[in-house]
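**Student:** Under my numbering, the sequence shown has 676 at position 676, and the numbering climbs by one with no breaks.
Derived from the structure by calculation, the hints contain no laboratory data.
Even glycine gets a Cβ: it sits at the ideal position worked out from N, Cα and C.
A couple of the hints might just be wrong.
Claimed, not checked - Simulated restraints, written as ranges between beta carbons of each label pair:
| hint | residue 1 | residue 2 | range |
| --- | --- | --- | --- |
| 1 | L715 | R754 | 16 to 26 angstroms |
| 2 | A28 | Q64 | 24 to 34 angstroms |
| 3 | R753 | Q190 | 22 to 32 angstroms |
| 4 | T861 | D822 | 18 to 28 angstroms |
| 5 | A141 | Q64 | 33 to 43 angstroms |
| 6 | A141 | R742 | 43 to 53 angstroms |
| 7 | L399 | D526 | 44 to 54 angstroms |
| 8 | R753 | G697 | 20 to 30 angstroms |
| 9 | A360 | V541 | 14 to 24 angstroms |
As the list claims (entries may be wrong) - Calculated cross-link-like contacts (lysine-lysine; reagent style DSS-like; alpha-carbon spacing at most 27 angstroms):
| hint | residue 1 | residue 2 |
| --- | --- | --- |
| 10 | K293 | K263 |
| 11 | K676 | K639 |
| 12 | K629 | K639 |
| 13 | K491 | K708 |
| 14 | K700 | K758 |
| 15 | K638 | K263 |
| 16 | K315 | K102 |
| 17 | K277 | K290 |
| 18 | K504 | K491 |
| 19 | K480 | K491 |
| 20 | K277 | K299 |
| 21 | K302 | K290 |
| 22 | K214 | K504 |
| 23 | K253 | K263 |
| 24 | K758 | K708 |
| 25 | K462 | K421 |
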Amino acid sequence: MIPLHLSLSGFLSYREPVDIDFTSIDLACISGQNGAGKSSLLDAITWVLFGQARKRDESVIHSQANAAEVSLIFAYEGGIYRVQRTLPRGKTSMLEFQISEKSMGSFVRAIKEDGPPAKRYKPWKTLSERSIRETQSRIEAMLSLNYETFVNASFFLQGKADQFTQQRPADRKRILSSILGLDTWEEYRQRAGERRRTVEAEIIAIDASLGDIKRELAEESSRRERLAQTESELVRLSAARAAQETALDSIRKLEALLEERSKQVETMVRRLDGDRKMLSEWEELLGVRKAEKNDYVEKLGKAVEIEAAYTAWQKARSDLEAWESTAARFRDGQNRRQEPLNEINTERARLRQESETLAAQEKDAVEAARNITSLEAQLALAHQALAASEAQWARRAELDGELQAARQRQAEARAENPRLKTDMDELKERIDRLTQAGGAICPLCGQPLLEEDRQRLIAELKQQGALMGNRYRDNQTYLKQADERVASLEKEIRLLAQVEREMKTQTQIVANLSTRIELLNRQREDWLASGRPRLEEVSRVLRDESYAARARACLEEIDAELKLIGYDVSAHEMVRKAEMDGRASEADLRMLENARATLTPLEREIANLEAQVSRQRVEVEREEAELRKAVDEFDQLKKEAPDSYAAELALLQLQQQENQVRMEVGRARQQVEVLKDLKARRTVLEAQRDEQSRQAGRYKQLERAFGKDGVPALLIEQALPEIENRANAILERLSSGGMSVRFVTQAAYKDRRREDLKETLDIQISDSSGIRDYEMYSIDGSEPVYIRKDGLIQCQTVQSLWQEHAPIHTDGEYEFQEANFDALCYENGKVEWLPTESILRHPAPEEMLRFTFAPGQYSVTVTPNHSMLVMTPNGLTMKRGDEIEAGDFVLTPKRIPWHSSRERRLERLDFIRFYFPKGKGPEKVKLGRAIDMV
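Starting from the given sequences, assemble the full structure and let the hints guide the process.
**Tutor:** Dropping the structure here:
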């Protein structure tokens with residue numbers, strides 16, 4: 001991975017945006033004061049790639065920024081990538097992963113171009129996934145690197161250069177495997193394992209199928225026996241079913257006979273009903289004919305009366321025809337009389353309508369006379385109001401003139417006062433300059449000026465200023481009065497607007513009243529001139545009926561003619577009524593003639609009907625007897641017939657049983673026949689299982705070969721010598737050849753019964769003290785340690801020792817100081833003084849472990865990788881702190897007094913008595929500070 005461009009803002013110590021272009025840098029050194037942000041640049045690269053640096057939370061955000069944002073553009077395997085990570089305060093982080101569509105060659109050309117680096121590689125194609133987790137996984141997959149491998153191989157965190165050596169042996173080997181790019185073999189192992197599990201699942205499925213086949217083949221004898229039993233039962237049920245079908249056929253034939261007899265009975269019933277209906281109809285017709293005969297006989301008895309009535313009716317018809325002729329001539333006269341009569345009525349109606357109209361006009365004229373008096377009074381009042389409004393309105397022109405003059409004077413005064421103020425200020429300045437000036441030169445014009453001329457000029461200027469001041473004050477006074485006057489005039493003019501509206505209203509009222517009075521006077525004059533004489537004339541004509549004289553004369557002539565005709569309406573009506581009453585005699589005469597012609601044939605028909613009725617009655621009685629006999633025979637046959645429903649139900653049950661047994665036979669036969677297929681399938685499955693078992697064995701071998709004990713272990717074995725040689729070369733330079741390191745990749749299991757070796761990565765250190773495992777005996781800085789220096793025994797904290805003997809930074813390198821003291825140590829189960837060469841300090845991990853041992857409640861705080869001797873059933877063994885559990889027996893020294901109580905001096909004395917019994921002691925014992933030195 002080659003970094004090309006880094007942008008960051010709001011990240012750690014970088015609040016403002018910072019851009020770093022790496023394209024022109026071959027070798028870089030970052031220098032600066034503490035806190036300047038040197039480590040922040042490397043932390044930014046780590047954070048943008050993996051989402052974590054020294055911490056993962058919002059502590060990476062600058063205290064005065066709202067978000068931390070880092071963008072890194074880098075080249076990797078011919079591609080140009082950009083990773084951008086943003087963490088807003090209090091919100092979810094955002095991650096973008098992109099690739100430039102330009103090739104590496106175009107990048108080489110692009111770095112020579114001008115412009116922001118981020119624009120050189122456009123366009124970008126996004127590689128981000130649906131979530132941050134998936135995008136992070138894609139970045140790590142592309143780099144073939146995760147955070148743990150990155151900080152152990154590519155980039156050492158500040159103060160954590162020994163992080164790899166502090167790991168557990170198994171973790172060291174895992175990290176080394178990742179550094180060497182052996183993760184691919186783990187992928188191979190997983191894929192081989194997946195295929196092995198797939199094959200094993202298929203083997204399990206085959207075993208399940210073979211088990212099912214075995215269970216079915218074990219049932220062969222029972223299946224064949226079951227087949228024989230079901231076939232025998234099927235033969236028996238088939239015979240029973242055939243017998244029941246024969247019996248059912250006989251029953252159905254009997255039912256057919258009963259059905260035929262039933263139809264015969266129904267036919268006899270229908271024939272009997274028809275004969276009965278025919279007998280009834282003939283009897284009814286015989287009665288009708290007898291009634292007609294009696295009616296005809298009765299009419300023949302009234303023959304004389306009917307013939308007399310007919311003769312009278314003929315005479316009435318003759319009289320009616322004569323009266324109809326007279327009435328026709330009379331109606332003709334009546335029709336001619338209607339025309340003059342209508343003319344008279346029309347003229348009468350017209351005159352009456354005209355009389356009513358003139359009467360209404362007379363009423364209106366009287367009403368108008370009364371209204372004229374009232375309207376004239378209203379008109380006088382309206383003239384008075386109009387005159388008053390016109391008098392008030394006459395002042396409008398005068399008020400407008402006053403208002404315009406007042407506004408003009410007001411504007412002049414308002415415009416003059418600023419000018420007067422300026423002029424007065426200038427006069428005052430001139431007067432002041434003349435008053436303050438000395439000598440014979442005028443300060444205003446520079447001309448020679450005598451004292452008396454100067455005084456005179458000052459007096460003139462003061463007089464001129466007084467006049468201006470008076471004018472200014474007069475204007476001020478006038479402006480105050482003018483404002484009030486203008487407001488008063490404007491108010492009066494506004495009030496005159498109401499007067500104007502009132503004047504217009506009164507003018508309209510006067511015009512309306514004058515028009516109405518004029519109209520009413522004209523109406524009254526017209527009535528007196530023409531309306532009243534015409535009303536009197538119409539009333540006289542109606543009273544004398546002197547209208548329509550010609551029509552009245554014509555009407556009198558027609559009435560005289562009608563009187564000569566002699567038409568009597570009542571006599572005409574009596575003849576018409578007699579003719580109408582006699583019309584029935586004509587019908588009676590026709591009936592009488594019909595009765596005389598019909599009576600003889602009717603008597604013959606009656607005799608025939610009586611003979612037919614007698615014969616039909618005998619036939620009906622015979623059919624009734626035959627029907628009763630047929631019904632009795634049908635009932636007897638029906639009573640003796642068997643139950644066909646029960647026979648059909650029995651047959652259905654037998655058929656169902658037969659079908660069920662036939663299905664059982666088919667099922668049993670199929671179960672027997674399938675055994676042949678199962679035997680063949682068993683052979684095939686056994687062959688498949690053998691093949692799958694061999695395949696699973698091959699995948700298991702591959703899985704082991706691809707695992708940590710296989711090819712990766714061989715590759716690590718090949719790479720470790722080179723790593724070991726380079727490490728020893730560095731150690732030789734640091735320790736002047738006094739220290740070397742050796743990597744051990746295999747170790748024995750704690751279980752002595754196991755003969756194989758486990759894969760590990762132990763580090764063995766070889767120095768002047770011999771060969772030992774590299775273990776970090778790290779304890780907390782507040783823990784006490786006893787040292788012996790220059791014959792003095794001191795009790796100090798580890799932190800205070802570090803501060804006294806910390807490495808010295810000289811010319812860019814760290815130089816260790818010689819300790820030159822002995823430390824009280826617990827080594828190999830013994831408490832003894834051992835020489836101290838140097839002191840190393842490591843950053844404390846986030847998790848520290850505190851152990852309390854019984855008896856005595858001795859406590860100590862250590863790091864998780866601190867090693868201790870633990871007693872096990874197989875003997876003493878070394879365990880890391882994070883591997884120790886409650887209840888383990890840990891080998892520790894007897895309690896060393898170390899409390900913060902007041903008895904600390906006594907505790908130091910107890911310490912001396914314990915380690916230096918009577919008769920022995922150090923060369924020199926000196927009591928110093930009671931707290932930390934004895």
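**Student:** The structure should be examined with respect to each hint, and the outcome stated for every one.
**Tutor:** Tested hints:
Between L715 and R754 the beta carbon distance is about 25 angstroms. The supplied range of 16 to 26 angstroms therefore holds. A C-beta distance of roughly 28 angstroms is found between A28 and Q64, which places it inside the suggested range of 24 to 34 angstroms. The beta-carbon spacing between R753 and Q190, approximately 31 angstroms, falls within the hinted interval of 22 to 32 angstroms. T861 and D822 have their C-beta atoms about 23 angstroms apart, which keeps the hinted 18 to 28 angstroms range intact.
At roughly 37 angstroms, the beta-carbon separation of A141 and Q64 lies within the given 33 to 43 angstroms, and the hint holds. Our hint of 43 to 53 angstroms for A141 and R742 is violated, since their Cβ atoms are close to 35 angstroms apart. Between L399 and D526 the C-beta distance comes to about 50 angstroms, which sits within the given range of 44 to 54 angstroms. In this structure, R753 and G697 meet the distance hint of 20 to 30 angstroms, their C-beta atoms being roughly 26 angstroms apart.
Checked against the hint of 14 to 24 angstroms, the pair A360 and V541 passes, with Cβ atoms roughly 19 angstroms apart. The hinted pair formed by K293 and K263 fails the criterion: a straight-line CA distance of about 45 angstroms is larger than 27 angstroms. For the hint pairing K676 with K639, the CA-to-CA distance comes to about 61 angstroms; that exceeds 27 angstroms, so the pair is violated. Distance check on the hinted pair: K629 and K639 sit about 16 angstroms apart at the alpha-carbon level, within 27 angstroms; holds.
Note on K491 and K708: the hinted pairing is violated, with a Cα-Cα distance of about 111 angstroms set against a maximum of 27 angstroms. For the proposed pair K700 and K758, the alpha carbon gap of about 19 angstroms is at most 27 angstroms, so the pair holds. Restraint check for K638 and K263: the C-alpha separation of about 14 angstroms stays at or below 27 angstroms, so the hint holds. Only pairs whose Cα atoms come within 27 angstroms are accepted, and K315 paired with K102 is rejected, the gap being roughly 140 angstroms.
Between the alpha carbons of K277 and K290 the distance comes to roughly 20 angstroms, so the proposed pair stays at or under 27 angstroms and holds. Under the criterion of a C-alpha separation no larger than 27 angstroms, the hint pairing K504 with K491 is consistent with the structure, at around 21 angstroms. A distance of roughly 17 angstroms separates the Cα atoms of K480 and K491; the hinted pair therefore holds under the 27 angstroms criterion. Pair hint K277 plus K299 does not hold up; C-alpha atoms about 34 angstroms apart against a cutoff of 27 angstroms.
Simply put, K302 and K290 have alpha-carbon atoms about 19 angstroms apart, close enough for the 27 angstroms limit, and the pair holds. At roughly 127 angstroms between alpha-carbon atoms, K214 and K504 are farther apart than 27 angstroms, so this suggested pair is violated. At roughly 15 angstroms between alpha-carbon atoms, K253 and K263 fall within 27 angstroms of each other, so this suggested pair holds. For the hint linking K758 to K708, the alpha-carbon distance of about 10 angstroms falls within 27 angstroms, and the restraint holds.
Our distance criterion of 27 angstroms between C-alpha atoms is met by K462 and K421, whose separation comes to about 14 angstroms.
In this structure, the hints that do not hold are numbers 6, 10, 11, 13, 16, 20 and 22, in rising order.
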